[in-house]
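In short: position in the sequence shown from 1, add 51, done, that's our numbering.
Check the hints yourself; a few may be wrong.
[What the hints assert, rightly or not] Below, in silico cross-link-like pairs of lysine-lysine (DSSO-like), each with a Cα-Cα straight-line distance of 30 Å or less: (1) K106 x K119; (2) K170 x K221; (3) K120 x K106; (4) K80 x K157; (5) K156 x K119; (6) K223 x K153; (7) K210 x K122; (8) K82 x K223; (9) K210 x K120; (10) K119 x K157; (11) K156 x K221; (12) K223 x K80; (13) K170 x K188; (14) K153 x K186; (15) K170 x K82; (16) K106 x K210; (17) K170 x K186; (18) K156 x K188; (19) K153 x K119; (20) K122 x K156; (21) K106 x K80; (22) K170 x K156; (23) K120 x K153; (24) K188 x K221; (25) K170 x K210; (26) K119 x K223; (27) K82 x K120; (28) K122 x K80; (29) K210 x K223; (30) K223 x K156; (31) K210 x K80; (32) K188 x K153; (33) K156 x K186; (34) K170 x K153; (35) K210 x K186; (36) K120 x K156.
If you are wondering where the hints come from, they were derived from the structure by calculation, not from laboratory data.
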Amino acid sequence: MNGIGLCAIFSRQGDWAFDYALNLARHYKCKLNIFHFLESPYMLRRDVVFVDAEKTETAPVTPELIAKKDKELRESFEDRLGDYVEVGFRLCEGNDEWELRKCFKKGDYEILVIGYNAKHAAFGGTTTIEEFGAKFKGPLVLIGPDQADSYYLNGEAEKRVAELLIPEGKWKPIGS
52 MNGIGLCAIF SRQGDWAFDY ALNLARHYKC KLNIFHFLES PYMLRRDVVF
102 VDAEKTETAP VTPELIAKKD KELRESFEDR LGDYVEVGFR LCEGNDEWEL
152 RKCFKKGDYE ILVIGYNAKH AAFGGTTTIE EFGAKFKGPL VLIGPDQADS
202 YYLNGEAEKR VAELLIPEGK WKPIGS
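Take these sequences, add in the hints, and give me the full structure.
The following block contains the structure:
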């Protein structure tokens, strides 16, 4: 396994996804690549993003803002990573779907893990999390929405379920 991708979502389900992704990375002694997307109030424009969790304040994207958000991202995971140092952080400003696909094709990760906040939740501004997962060309694991040990796999992940350290009977196909 050459790497695990984690789409960082700051929620209970995101925490579960982080724990699972870190466990996989430790098990396979590979890099954990953490992706976080700055959210924009606009569908096509990415030059203005939300800067607060409540999504009430916006700011233009500047090098200073990127540096600040990158630092916040790293600090938010620092304690939970413990002594694990094979970690990469990527603060993304672009389209979630496109960025994740591009990084998968480049080989930044082999399996993508995402917290499953709610069924039919919007993802990337143009689709739902289930639609994204079903179309994603690599193995994808959704964690949640109700329990930390609830796993939803796309078709590619189903083919590699033995490698995913998921107890038998604990996973379902995405969309079920």
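Comparing the hints with the structure gives:
1. Proximity of K106 to K119 is assessed by CA-CA distance (about 17 Å); at most 30 Å being required, the pair is judged to hold.
2. A distance of roughly 17 Å separates the Cα atoms of K170 and K221; the hinted pair therefore holds under the 30 Å criterion.
3. A distance of roughly 15 Å separates the Cα atoms of K120 and K106; the hinted pair therefore holds under the 30 Å criterion.
4. Of the pairs offered as hints, the one joining K80 and K157 holds, with about 20 Å between alpha carbons and a cut-off of 30 Å not exceeded.
5. A distance of roughly 28 Å separates the Cα atoms of K156 and K119; the hinted pair therefore holds under the 30 Å criterion.
6. Simply put, K223 and K153 have alpha-carbon atoms about 26 Å apart, close enough for the 30 Å limit, and the pair holds.
7. Pair hint K210 plus K122 does not hold up; C-alpha atoms about 37 Å apart against a cutoff of 30 Å.
8. Between K82 and K223 the alpha-carbon distance is near 26 Å, which keeps this suggested pair within the 30 Å criterion.
9. For the given pair, K210 sits about 36 Å from K120 by alpha-carbon distance, which is inconsistent with the 30 Å threshold.
10. Straight-line distance between C-alpha atoms of K119 and K157 comes to about 27 Å, which keeps the hinted pair within the 30 Å bound.
11. The straight-line distance between the Cα atoms of K156 and K221 is roughly 28 Å, inside the 30 Å bound, and the hint therefore holds.
12. A hinted pair counts as satisfied when its Cα atoms are at most 30 Å apart, and K223 with K80 qualifies at roughly 26 Å.
13. For the suggested pair K170 and K188, the alpha carbons sit about 21 Å apart, so the restraint of at most 30 Å is met.
14. Straight-line distance between C-alpha atoms of K153 and K186 comes to about 14 Å, which keeps the hinted pair within the 30 Å bound.
15. A distance of roughly 29 Å separates the Cα atoms of K170 and K82; the hinted pair therefore holds under the 30 Å criterion.
16. At roughly 38 Å between alpha-carbon atoms, K106 and K210 are farther apart than 30 Å, so this suggested pair is violated.
17. For the hint linking K170 to K186, the alpha-carbon distance of about 16 Å falls within 30 Å, and the restraint holds.
18. About 9 Å separates the Cα atoms of K156 and K188, which keeps this hinted pair within 30 Å; it holds.
19. With a CA separation close to 25 Å, the supplied pair K153 and K119 stays within the 30 Å bound.
20. For the given pair, K122 sits about 27 Å from K156 by alpha-carbon distance, which is consistent with the 30 Å threshold.
21. Restraint check for K106 and K80: not satisfied, since their Cα atoms lie roughly 37 Å apart, outside the 30 Å limit.
22. Using a Cα cut-off of 30 Å, the hinted pair K170 and K156 holds, with the two alpha carbons roughly 27 Å apart.
23. Among the hinted pairs, K120 with K153 is consistent with the structure: their alpha-carbon atoms are about 22 Å apart, no more than 30 Å.
24. Taken as a hint, the K188 and K221 pair is honoured in the structure, with Cα atoms around 23 Å apart against an allowance of 30 Å.
25. For a cut-off of 30 Å, the pair hint linking K170 to K210 stands: about 23 Å separates their Cα positions.
26. Taken as a hint, the K119 and K223 pair is broken in the structure, with Cα atoms around 38 Å apart against an allowance of 30 Å.
27. Distance check on the hinted pair: K82 and K120 sit about 22 Å apart at the alpha-carbon level, within 30 Å; holds.
28. Using a Cα cut-off of 30 Å, the hinted pair K122 and K80 holds, with the two alpha carbons roughly 25 Å apart.
29. This hinted pair checks out: K210 and K223 have alpha carbons roughly 13 Å apart, not beyond 30 Å.
30. Between the alpha carbons of K223 and K156 the distance comes to roughly 25 Å, so the proposed pair stays at or under 30 Å and holds.
31. In summary, the hint linking K210 to K80 is supported, as the alpha carbons are separated by about 21 Å, within the 30 Å threshold.
32. For the proposed pair K188 and K153, the alpha carbon gap of about 11 Å is at most 30 Å, so the pair holds.
33. Proximity of K156 to K186 is assessed by CA-CA distance (about 14 Å); at most 30 Å being required, the pair is judged to hold.
34. Pair hint K170 plus K153 holds up; C-alpha atoms about 25 Å apart against a cutoff of 30 Å.
35. A hinted pair counts as satisfied when its Cα atoms are at most 30 Å apart, and K210 with K186 qualifies at roughly 15 Å.
36. At roughly 26 Å between alpha-carbon atoms, K120 and K156 fall within 30 Å of each other, so this suggested pair holds.
In this structure, the hints that do not hold are numbers 7, 9, 16, 21 and 26, in rising order.
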